[in-house]
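**Q** If you want the building blocks of each chain, they are given just below.
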Amino acid sequence: MTGTISDQEQGPDARAEDGGPPLTSGSGGSSAVPGSGGAPAVSGPGGRKLWIDLLGLGSVALILMALYGALIVAPTEAVMGDVQRIFYFHMPSAWVALGPAFTVVFVCSIIYLAKRDLKFDRIAGASAEIGVMFTTITLVTGPLWARPIWGAYWTWDPRLTTTLVLWFIYVAYLMLRSSTAEGHKRARLAAVFGIVGWIDVPIVFMSIRWWRTIHPTLINGQGMQMDPTMQAVLMFSLFAFTILYVYLLIVRVRQLDLGSRVDRLRQQLLMR
Amino acid sequence: MNQIGFLFAGYAVIWVVLGTYFVFVGRRQTALKREVERLERELQAQA
Chain A
1 MTGTISDQEQ
11 GPDARAEDGG
21 PPLTSGSGGS
31 SAVPGSGGAP
41 AVSGPGGRKL
51 WIDLLGLGSV
61 ALILMALYGA
71 LIVAPTEAVM
81 GDVQRIFYFH
91 MPSAWVALGP
101 AFTVVFVCSI
111 IYLAKRDLKF
121 DRIAGASAEI
131 GVMFTTITLV
141 TGPLWARPIW
151 GAYWTWDPRL
161 TTTLVLWFIY
171 VAYLMLRSST
181 AEGHKRARLA
191 AVFGIVGWID
201 VPIVFMSIRW
211 WRTIHPTLIN
221 GQGMQMDPTM
231 QAVLMFSLFA
241 FTILYVYLLI
251 VRVRQLDLGS
261 RVDRLRQQLL
271 MR
Chain B
273 MNQIGFLFAG
283 YAVIWVVLGT
293 YFVFVGRRQT
303 ALKREVERLE
313 RELQAQA
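Top to bottom, those sequences are chains A and B. Everything in the first sequence is counted per the numbering used here, starting at 1 for the first residue and increasing by one. Everything in the second sequence is counted per the numbering used here, starting at 273 for the first residue and increasing by one.
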């Protein structure tokens, strides 16, 4: 998240209250505002950086390769047939949501409460959005896989139920963020919600071990029970989805930084 | 719907959701950049 301003507790909220000197746009060296230091108008949070574009292209290429692996390379599953190929995108979606996405929300929420830096609030918000998106993919692809196998789109199985609860938790988190104006008050509320909401993540993960479930289990006491080719395709998909998550997080955080800069510029205009 | 149909539906959902998010991010980026440029022009004009 290069070129972002660290919004500390003495940041925009305090500045607006005490009427101190307005911020100049100083994010990442991008400044076309007079008196801001004379830095050239090169890429800041709103400008393009080549490495981000390359990361984006790379992540799309990886996803397409993962798709090829899932549909062509992976062997047909002996019992479930071709519909099992949904698994190679279903599980990585769940991994991104439960692993990096919501955990980043949890960690950044803690860091925000410790440091009162709005940058971490923005990262948490962006990561939660991406996590909800991938959880949605998980909750839709799972039933499409389940219907021909179990004979039903949905059961109140522990894994499915706890994942649905997780989706509701983070949708509520996003609704909380969108219903409150940006600032430290929203960040505090969201941080507490983000920390408490993460409690469901290990519950989802452990649900197939704690309760009786019909949801497939990949890993048991003897390790991962899969054909080696299937395992390789799955690992590649997991990698591709992780890279995609990283790219989306970077892009979205930079966008939120840009939004924050817009707010500051508006404040400057109002003060003149 | 047969197995291939469910498989196709599953992947179609994935691409629709990802595509929608990409479009949302792209549009937001364009709007924000325009707003930044407009505000900076106004600030320069006032200065």
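Be a bit skeptical, because a hint or two may be false.
Here are a few chain A residues that sit away from chain B, every Cβ distance over 12 angstroms (derived from the structure) [stated by the list, open to error]:
#1 V83
#2 Q84
#3 F89
#4 W145
#5 S207
Below are the DMTMM-like pairs computed for lysine to aspartate or glutamate, each with C-alpha atoms no more than 20 angstroms apart in a straight line [as the list claims (entries may be wrong)]:
#6 K49(A) x E314(B)
#7 K305(B) x D157(A)
#8 K305(B) x D200(A)
#9 K185(A) x E77(A)
Computed beta-carbon distance windows for the label pairs [said to hold, decoys possible]:
#10 D227(A) x R299(B): 47 to 57 angstroms
#11 A152(A) x V297(B): 56 to 66 angstroms
#12 Q316(B) x Q231(A): 22 to 32 angstroms
#13 L57(A) x R300(B): 17 to 27 angstroms
#14 Y68(A) x R313(B): 32 to 42 angstroms
#15 E309(B) x V73(A): 39 to 49 angstroms
#16 F294(B) x D227(A): 49 to 59 angstroms
#17 I203(A) x A303(B): 48 to 58 angstroms
#18 I203(A) x Q316(B): 50 to 60 angstroms
#19 V297(B) x R212(A): 38 to 48 angstroms
#20 W287(B) x R272(A): 14 to 24 angstroms
#21 T180(A) x E309(B): 23 to 33 angstroms
#22 A232(A) x A317(B): 53 to 63 angstroms
Derived by calculation from the structure, the hints in this document are not laboratory data. Think of the CB as a built atom: it goes at the ideal place given N, C-alpha and C, for glycine as much as any other residue.
**Q** All the hints need checking, so say for each whether the structure fits it.
**A** Taking the hints in turn, this is what the structure says about them:
{"no.": "1", "hint": "V83", "result": "violated (4 angstroms)"}
{"no.": "2", "hint": "Q84", "result": "violated (9 angstroms)"}
{"no.": "3", "hint": "F89", "result": "violated (5 angstroms)"}
{"no.": "4", "hint": "W145", "result": "violated (6 angstroms)"}
{"no.": "5", "hint": "S207", "result": "holds (22 angstroms)"}
{"no.": "6", "hint": "K49(A) x E314(B)", "result": "violated (26 angstroms)"}
{"no.": "7", "hint": "K305(B) x D157(A)", "result": "violated (46 angstroms)"}
{"no.": "8", "hint": "K305(B) x D200(A)", "result": "violated (37 angstroms)"}
{"no.": "9", "hint": "K185(A) x E77(A)", "result": "violated (51 angstroms)"}
{"no.": "10", "hint": "D227(A) x R299(B): 47 to 57 angstroms", "result": "violated (42 angstroms)"}
{"no.": "11", "hint": "A152(A) x V297(B): 56 to 66 angstroms", "result": "violated (35 angstroms)"}
{"no.": "12", "hint": "Q316(B) x Q231(A): 22 to 32 angstroms", "result": "violated (58 angstroms)"}
{"no.": "13", "hint": "L57(A) x R300(B): 17 to 27 angstroms", "result": "holds (20 angstroms)"}
{"no.": "14", "hint": "Y68(A) x R313(B): 32 to 42 angstroms", "result": "violated (47 angstroms)"}
{"no.": "15", "hint": "E309(B) x V73(A): 39 to 49 angstroms", "result": "holds (46 angstroms)"}
{"no.": "16", "hint": "F294(B) x D227(A): 49 to 59 angstroms", "result": "violated (33 angstroms)"}
{"no.": "17", "hint": "I203(A) x A303(B): 48 to 58 angstroms", "result": "violated (38 angstroms)"}
{"no.": "18", "hint": "I203(A) x Q316(B): 50 to 60 angstroms", "result": "holds (54 angstroms)"}
{"no.": "19", "hint": "V297(B) x R212(A): 38 to 48 angstroms", "result": "holds (41 angstroms)"}
{"no.": "20", "hint": "W287(B) x R272(A): 14 to 24 angstroms", "result": "violated (47 angstroms)"}
{"no.": "21", "hint": "T180(A) x E309(B): 23 to 33 angstroms", "result": "holds (28 angstroms)"}
{"no.": "22", "hint": "A232(A) x A317(B): 53 to 63 angstroms", "result": "holds (60 angstroms)"}
Checked against the numbered hints given earlier, this structure breaks hints 1, 2, 3, 4, 6, 7, 8, 9, 10, 11, 12, 14, 16, 17 and 20; the rest are met.
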